[in-house]
Amino acid sequence: VANINVKKKRLKRISQGDIFRNVECIEYVAEKRGTIEVSKIEFPFVVVLTQDCDLEQDGRYKNNPAAKPPSNDDKKLFSVLVAPLYNAEHVFLGEHLADLGLKMASINKSKTEGKTLMQNERPRYHFLDFPTDIPVVASVTDFKHYFSVSVAYLEKIRPKNFVCRLSELYREDLSQRFAAYLARIGLPDISVPHK
Amino acid sequence: MSNPRHLFSSEYTKGSVTSSEEAPTLQTGGFVKVPILTAEQQAANIPRIDTTRYGTGKPRRIIIRGRISGG
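Protein chains in written order, with the numbering used here: chain A, 5 to 199; chain B, 2 to 72.
In case anyone wonders, no lab produced these hints; they're calculated from the structure.
One or more of the hints may lead you astray.
What the hints assert, rightly or not - In silico BS3-like cross-links for lysine-lysine, where the CA-CA straight-line distance does not exceed 27 Å:
id, chain 1, residue 1, chain 2, residue 2
1, A, Lys80, A, Lys16
2, A, Lys119, B, Lys59
3, A, Lys164, B, Lys59
4, B, Lys59, A, Lys11
5, B, Lys59, A, Lys113
6, A, Lys107, B, Lys59
7, A, Lys148, B, Lys59
8, B, Lys59, A, Lys13
9, A, Lys160, B, Lys59
10, A, Lys66, B, Lys59
11, B, Lys59, A, Lys12
12, A, Lys115, B, Lys59
It should be emphasised that the depicted structure is a prediction, and the values quoted were computed from it without experimental measurement.
Given these sequences and hints, build the entire structure.
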């Protein structure tokens, strides 16, 4: 059962809540004796987390319809924050990163750990069940895996790789939960004596 | 200085791509056919992956190596 509403039409700029497919995350670029090596991870789906007001101002800064160029570059963004969407069934099996050689913890979806995830009560995850007319399976965003991509790269792939964008409220829900996850404070386990 | 756009084209090192790059049929965002689960598998409550919609792919690593040409 869908738990979100989405819009199929993209804006003229990158927007918070935009979902793109096949987005690359550069792991490293190394050069050794004239040979260059690039390692990248291609994520099937990502959702944009950057604040929409920043994206809006960056878009206006770049696509100013007026002939007058901006007086300064204050609004320019270098990168966009995104988080991957994983196939929920893969997540429950703990196999969503199997192709990277990683075994993740499995989550039993019929028990409390899975049910709370799907009710968006586990801070690390955000469950998205898309409407039937959107060709994306139920997905889980893992906030721990956020990364940034360059604005130029995302702009380049945007026309071809845009899937849909989260409607208002659902987008804010995602953004607020991500902000809360990022702002958490890790407390030391005081039951364990320090060495 | 050489044009960076040509960096990986003519000097591309074959065989340096990871095996995940060479996966034959599964293409992210594509539609794939999978065997229909047997009654035993269904009875075992194996989670069914919906392959009729996008999102069946998993993240994959791609490694590209190329020689820098020109100067």
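Tested hints:
1. Lys80(A) with Lys16(A): holds, 16 Å
2. Lys119(A) with Lys59(B): holds, 23 Å
3. Lys164(A) with Lys59(B): holds, 19 Å
4. Lys59(B) with Lys11(A): The hint holds at about 24 Å.
5. Lys59(B) with Lys113(A): holds, 19 Å
6. Lys107(A) with Lys59(B): Holds: lysine 107(A) and lysine 59(B) sit about 13 Å apart, inside 27 Å.
7. Lys148(A) with Lys59(B): holds, 17 Å
8. Lys59(B) with Lys13(A): holds, 25 Å
9. Lys160(A) with Lys59(B): holds, 23 Å
10. Lys66(A) with Lys59(B): Judged against 27 Å, a Cα distance of about 34 Å means the pair is violated.
11. Lys59(B) with Lys12(A): Since the Cα atoms of lysine 59(B) and lysine 12(A) sit roughly 23 Å apart, the hinted pair holds (cutoff 27 Å).
12. Lys115(A) with Lys59(B): At roughly 24 Å apart (the allowed maximum being 27 Å), lysine 59(B) and lysine 115(A) satisfy the hint.
Going through the hint list in order, the structure does not satisfy hint 10, though it satisfies all others.
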